[in-house]
Amino acid sequence: MSEPRRSVTDRLAAAAPAVGRVGVLVVLVAVYAVLVMAALGRSIFQIVDHFGKAPVAITISAGSAVVYIVAMVALIIHRGVWYRVAWVTVCVEFAGVLIVGFITTLSPDALGTGSGNAFGDTSTVWTVFGQGYWFVPAVLPLAGMWWLRRHPVRAVAR
Amino acid sequence: MIHWLLDVELATALAAGLLCLIAGFLGRTPNDLVMGAIALVALELIVQVVVAIVAPLAGNPPSGSLLEYWMYLVGALLLPLIGMGWALIDRSRWSVVVLGAIGLAVAVMLYRMGIIWFVQGA
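Line by line, the protein sequences give chains A and B.
Counting from 1, one number per residue, gives the positions in the first sequence under our numbering.
Counting from 1001, one number per residue, gives the positions in the second sequence under our numbering.
Chain B stretches covered by chain A per the calculated footprint, using a threshold of three residues with CB under 8 Å from any CB of chain A:
hint : segment
1    : 1063-1069
2    : 1094-1104
Partial list, derived from the structure: chain B residues whose beta carbon lies under 10 Å from chain A:
hint : residue
3    : Gly1075
4    : Met1084
5    : Arg1091
Everything labelled a hint here was simulated from the structure, so no lab data went into it.
Computed from a predicted model, the values in this text were never measured in an experiment.
Note that beta-carbon positions come from the ideal geometry of N, C-alpha and C, so glycine has one too.
Here chain A stands alone, though its shape is the one from the complex (with noise of 0.2 Å):
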């Protein structure tokens, strides 16, 4: 009478703590933790490392880290007045990628010098629409629109 075989995981799982089932939200947060990570980590090191260069851009920078963190917090949330700031963040993060694209592209050095090289050192998360980031940013806030109009904060409270 001995126990089936149990996998590592099945083992390692038994001692972790369990959720409920947040299904696809989960995948959406993650790509927001990368992007929080990207967009702080490159602006912490733009801003210790040459914020003379281009002030502007590493400014628009951090902004855009502060905007990742905050719609990552609130999604994770997403109840009361924290679907209310999930939306107007994703929506500012929308705006950002498509302003900051289009300055980045039609000006390159308006926000700074080469500010519109999108794998420069003086570069946004949203500069080219997210070029250096495989457009990632540029179809995450579209993402988050989407889960959140699936998600009305009605459905959700219950």
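Since chain A is already given, all that's left is putting chain B on it; use the hints.
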């Protein structure tokens, strides 16, 4: 830095990422295969940490910014560890999709780390 080692790590991360994405979308929940694949990615990144500490001391400095390089490396190592921890807590197929996204993100970061070490400023 060791060029072929970086290439091996990049290929592993890419393959593990695609494997997890496919497994996740096929509805597999976290199992030893997908966890093992991502654990391998994490292990190789730990090797990379050791290499990145030793290389400059052994007269093999990066052509670009060492600080930027380390920010990528630390971030890349955290991703699979956090993802695996999450996969133990939320044992749904979406955790496997997350592991897939992490594998691809690590692959891109390794590519960027290669650029910083070998190309940037050279």
